[in-house]
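Novice: Residue numbers (the numbering used here), protein chains in the order written: chain A, 107 to 281; chain B, 280 to 723.
All clues given are correct.
Ranges between beta-carbon positions, derived for each pair: (1) B/372 to A/138: 30 to 40 Å; (2) B/404 to A/117: 20 to 30 Å; (3) B/376 to A/141: 40 to 50 Å; (4) A/264 to B/438: 36 to 46 Å; (5) A/127 to B/445: 55 to 65 Å.
Don't read these hints as lab results, they were simulated from the structure.
We treat Cβ as the ideally placed atom computed from N, Cα and C, and that holds for glycine.
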Amino acid sequence: MTSRPPAYSKFRDVQAELDLSGAAIFRDADGVESLIIRNPYSITYIHSYAEDSPFFLGLAEGRLRGSKCRKPKCGFVYGTPRSHCMVCGAPTEWIDLPTRGRVHSWTTCHFGSEAFLKETPYNLALVEFDRVGSLLLVRLKDCVESDLYVGMPVEARFDPNPKYSITDVWFVPAR
Amino acid sequence: MVTGGVTKFAKAHPAMDFRLMVKRAYDYALKGIPGLTADRIDGSRISYFSDHFSRQLKAASMVQDYLGLNPKGSVRIEWGGATGGECFQAAYEAVASGRMDVCLAAGYETMSRVPTWKGNEFIALASDTNFDFPLGGFYTGYYALMVVRHIYEYLRLGKFGHVTDEREAQRLAIAEGSRIMSKVSVKNHLNALHNPYAQYPKRLTVDDVLRSEMISYPLTREQICTMSDGAAVAVLCTEQRAKEFTDRPVRVTGVGCGTDTMRLADRPFGKVPLMPHEKAKDYEELRYPGVHSFRAGRAAGLEAYRMAGISNPNTELDFIELHDAYASSEIQTYEDLGLCKYGEGYDFVERGDPFLSGIDYGFPTPQAGAIPVNPSGGLIACGHPVGATGLMQGVFAFWQLQGTVPKHFGDPALQLDRPRRGAIHSHAGTGSSVTVSILERGFR
Ligand SMILES: [Zn+2]
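Just chain A, same shape as in the assembly (with noise of 0.2 Å):
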């Protein structure tokens, strides 16, 4: 007994016998056969936000987080957290941003990766606060392209039923 997949000229073919089967021939302009399998793979992580884990309680809470460098004559402040200061190396604090601030810069994505694909169009943008010194990026949402700028006053969201990623909190135009 013998057995061989189909064959196909066209790498199309081949993926949608790979859905099919699981296995297919791929054969090219000079007549070379390869052999093509399906090969899934998925992994769940057990990942931990260790340092970063008060941010992301803290959107459940409905409480948007930055840090501040402890350092006096520092004080840098973030409006992405970090634990400990890029500019100087000393441990932060953690403080509450204004839920108020300003699209830095912004863009309405029609694709994504995979698995944002069926979330298109999305505006992702980067948002500056009154007297922090870094940028946060978030979702933009009840606006369209066409409405975005520069410069736009917008305030945050949150998710009343926490996910616990960054998507609980995300930015609409400020009333």
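Chain B with the ligand: place on chain A using the hints.
Specialist: Coordinates of chain B with the ligand only, in the frame set by chain A:
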């Protein structure tokens, strides 16, 4: 550098796995030099970006093995999008340190083994997975954020500074920036018509580029490089060995590497590290790098130029192979590398400086030939098999300096007139690491 080889970059090479692709490029390189056989090679540096793409860990060992180079020394190099450029410098360091007389730099990527949007996901995992990836993890989105701010800084506040309606001014600036970016895309695709190794050579108009599918506003499909399968190798050796192997060697006279924060949100707003030909007062108002410029590229350029004794790259380099993953980042990088001042990147394109003379791009390029950027077609047209890309640039630059482009491409159109010195530029992440290497003709 004494020889190099590249496989044709393609959407998929199903009949070759990564070992055979590297072997093809390696055989091509060795074929060029009769005296250079495997026993003359002291060891290797092998680069690929992601274990995810082939689901084979320690794949560089399998390359070493397949080439028959065991038990010589070897190490795998990975540094995101700059993997190939970093591999080139690792081989340089192996020789410069005296550890090896002859070192092989080999790189590859097989990105066709996963669907395109899954591949985008793997690439996006090279962004902070706590704060950035879960928002939509998509590199084109990150580059769109950067170019929107670049356009704001330099076109909205520049050419369109007189427009009083803020939103109108920003729309006009983005339209202008997009039009100029499209010229870069036209250039690179058109140059590649004469490069048989390129994946996407084609003749396009500015309108074709603007009207191609919107991927992440304002970046369209034709302004973005694609995923590829491909391999490239370069052989580096001491000056003594180089003279034994060839009468047309190329000398590596400068290497530089720079870094920046992984997250765009963390980029500082400080002062510009100046090139010798710039003055502090040129940038009094500029908050740098923010998200509009690549401080890592500036740092890499400064280090490489200092080592090579270059004080004004615009006049002292004859060409650059530049990491144009996006048409936008090519323009941003002109400024980082000091080819023009910050803010002048769009004018630099409009004047035609980075275009080749003797090619009709369908619009005026009055200063064409001033400093050709990506004469090979760059990543946008050649493809971007990550671990091979920086080495591909090294090979194309090597052939330019040797004057052997007509022989290797089977077409003389892209050969520059006796170039003396060129640069290769390799770039990772959102600019989180960048390498610049300077190559010079090593013969009379
Ligand atoms: Zn500090």
